[in-house]
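Chains as they are written, first to last, in the working numbering: chain A, -3 to 276; chain B, -16 to 307.
Hints were generated in silico from the structure; no laboratory data involved. For each residue, glycine too, the CB sits at the ideal point set by N, CA and C. Do not rely on the hints blindly, as some may be mistaken.
[To be verified] Computed list of lysine-lysine pairs in DSBU-like fashion (alpha-carbon distance at most 30 Å, straight line):
id, chain 1, residue 1, chain 2, residue 2
1, B, Lys200, B, Lys(-9)
2, B, Lys(-9), B, Lys221
3, B, Lys35, A, Lys164
4, B, Lys183, B, Lys158
5, B, Lys(-9), B, Lys183
6, B, Lys306, B, Lys(-6)
7, B, Lys36, B, Lys(-9)
8, B, Lys174, A, Lys164
9, A, Lys164, B, Lys36
[Stated by the list, open to error] According to the in silico footprint, chain B covers these stretches of chain A (three or more CB under 8 Å from chain B):
id, stretch
10, 182 to 189
11, 212 to 225
[As the list claims (entries may be wrong)] Cβ pair distances, simulated, as ranges:
id, chain 1, residue 1, chain 2, residue 2, range
12, B, Gly32, A, Thr225, 28 to 34 Å
13, A, Met(-3), B, Glu148, 51 to 57 Å
14, B, Gly173, A, Asp149, 29 to 35 Å
15, B, Val185, A, Ala162, 57 to 63 Å
16, B, Thr110, A, Gly194, 33 to 39 Å
17, B, Val278, A, Leu187, 48 to 54 Å
18, B, Gly32, A, Ala162, 37 to 43 Å
19, B, Glu148, A, Gln268, 38 to 44 Å
20, A, Leu179, B, Lys31, 40 to 46 Å
21, A, Pro83, B, Gly125, 45 to 51 Å
22, A, Leu179, B, Ala230, 32 to 38 Å
23, B, Lys31, A, Thr246, 40 to 46 Å
24, B, Gly125, A, Ser251, 26 to 32 Å
Chain by chain, the residues:
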Amino acid sequence: MKQLNVKELNVLAARIRLETLRVIHSRGFGHVGGSVDLAEMLAVLYGAAMRFDPKDPRWPDRDWLVMSKGHAGPAAYAVFGLMGYYPMEEAYTLNHPHTRFPSHTDRLLTPGVDLTTGSLGQGASTAAGAALGNRLDGRDSRVYLVVGDGEADEGQVWEAFHFACAHKLDNLVVFLDMNGYQLDGSTAEILDHGNLPGKIAAFGLYTQQVDGHDVAAIYHALEAAHAHTGGPSCIVLNTCKGKGATFAETNHAHSSSPTEEQWQQALAAAEQALDAAMKA
Amino acid sequence: MSFELIGKHEKDARASRDAIVTTLDELMAADPSVCYVDCDLMGCLNTKGLWKKYPDRALQAGIAEANAAGVCAGLAATGKKVFFHSFGTFSSRRCYDQIYMSAAYAGLSVRVLGSDAGVTAAFNGGTHMPLEDAGMYLSIPGATVIDACDYDQLYSITHGLADTEGVSYTRFVRKDVIQVYAPGAQFTIGKGAVLHASDKDVCTVICSGIMVDEALKAWEQLAAEGVSVRVIDMFTWKPLDQELVIAAAAETGCIVTAENHNVTCGLGAAVARCLAGSRPTPQEFVGVQDRFGQVGPQDFLMDEYGLRAADITAAVRRAVARKS
């Protein structure tokens, strides 16, 4: 890991959030809430933790990102663009005909996407397979898997956790985006998980819980996860679905179709937040 | 492709599953990128020896097929040549979305092996009897779908699968199969094997798997009556050997398909679609007529579902009568 620089990571997070909004604004509607809430986590991964080469997206020694909550594609497209995988503006074609930037992440279309996701739960298993494959090759590459709390309704997530623990995949780090909401409402009212972090820990993952909008807390949790051996780790991110998107932050909507006026308000607020982070 | 017909209708002393075991062993010894994932059915495929010999690459995923399919796709993304086995029911229905999206849609190659094809699930009964497995895989764009008939065919095909890109599905019978081909037979995936042909043929029987031997018996019965038919082992259902199908239709004028599968979505449907688009031809469908499986000895089930040589000869007569 690079040395912790809180200001730098906060600036990157603000950029990711702003670009995520710009990417979705290019289509006018989309999965805003569950995309913008990942800005800090992605900033820590790409700003301090991960090994990658934008000029060689399939570099064999890279670390992997598997966005199992595939609808957060726009956040991934924002960070990939900022890292130089492609000109950022190219991602302002989200969901346009023949775009390289579909709603859900697709390894055949977008440089930087390691595995195709969209049908929830499936990225957990493919990430486990990729972690196993890297270990078979003797690489020290890590696989970072992002799972939503709503997604944890899928039994496949738990099959994958079971598998990853049984096969001692300590090169797999799971981020559980616990924003408390899914499409039809709060996770508590849809299908209450009970103690979700506790259940993950009970499956055998080394589990920590942090403020998902605190880059320093995420950074330190990652350090601990990397130090853990013998099995996979999980960092539960307490997040606000819609964080920093003025029209989504209060209703925590899964998908948003704001008016142009609301878009301009949200984009201006995200630009101000970036200014503030740079001046901090 | 080169093969010699045995034609004795006798069971092979060798278990056909061992053609897969031997092939996997050869492939894994030669290529460190070959992996094999099973779902607690290594005992049924007789691969526990591979598990011991290649503990890091012959992998147990437990009784969790959906995850196992995803793990296979993830392994493929790291450059592994992956084989995945479970019973045909579970390696199709139980993990279809995972094979579809995580592997096929994502452009990753996974070689799926589905054992106990159709009625050969016999004593495991209707819950374990895959009669739509191949049909599901036929619906995946670009997939390769195979219904193998005996040890030597399975041996040749499994070697061919190693170099087949994309998702493939091979259904097979584990043991007690009739030996159709002599040892050393070689097959090309995507090409049908013509077993009997003459310029007097009045009909073509297109079959695969356990129906090949029934078709050969039907050929003998019809020949004894002076009726000449063509017999094609169409072990690759997709990509279908369309050229061979169309030529057979043109030269013999009618078709009978015979499959150990539901006729709604299998070999017969694939052949009919091919012909309807280029050369409409009378066709009769021998196979399971849109029914669920059930428990019982394989002989009983083959009678019950009309999968016998007599069903094929009757279908040939109907097809010939429909020729205009």
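Hints the structure violates: just list their numbers, smallest first. 4, 6, 7, 8, 10, 11, 13, 14, 17, 18, 19, 21, 22, 23
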